[in-house]
Amino acid sequence: MRILGIDPGLRTLGWGVIDSRGSRLVHVANGQCLSGDGELATRLLRLYRQLSDVVARFAPDEAAIEQTFVNKDGAGTLKLGQARGVALLTLAQAGLQIGEYAPNRVKKTVVGVGHAGKEQVQHMVRLQLPGCKPEGADAADALAIAICHAHYGGAAGPVLREVGT
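Residue numbers for the sequence shown follow my numbering, beginning at 850 and rising by one.
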């Protein structure tokens, strides 16, 4: 099964593709979609087009995305939600089953600790996907989300699954 993991962000949306063959995970590709500057609608359109290209190039069977957490910056949370909405729309439009995972669940699955730091996540992603060189922290997080989905997702589930902490 080919899994596309998404770490949503308005400025930088991380993505990672892995193949899951039983208990074996293989890195396929990873990268970042950059929205650039300008009006919000234009930035969201850039993310949509780049992510659509990733879906077309790598033809995933399923997808996984990180759930949004609410922080103190309400405007920032809203913008993140809009970028996440674009990602969900892109994945649903491609007919992909989508798993949603809480950040703590992803970290606990990949690192073993629910409050692990970005460096720990990157290190464990490299260990679990030999030869993988994430293009940045967002790409490493996206690969971690894909790894989490490989452990908890699967084709037998509903189209959109939420897995909490």
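Treat each hint with caution, since some may be false.
Said to hold, decoys possible - Dumping the calculated BS3-like pairs for lysine-lysine here, alpha-carbon to alpha-carbon at most 30 Å:
(1) K957 to K928
(2) K982 to K928
(3) K967 to K921
(4) K921 to K957
(5) K957 to K967
(6) K957 to K982
(7) K928 to K967
(8) K967 to K982
For the record, the hints were derived by calculation from the structure and aren't laboratory data.
Status of the hints after comparison with the structure:
no.	hint	verdict
1	K957 to K928	26 Å, holds
2	K982 to K928	29 Å, holds
3	K967 to K921	20 Å, holds
4	K921 to K957	24 Å, holds
5	K957 to K967	13 Å, holds
6	K957 to K982	21 Å, holds
7	K928 to K967	22 Å, holds
8	K967 to K982	15 Å, holds
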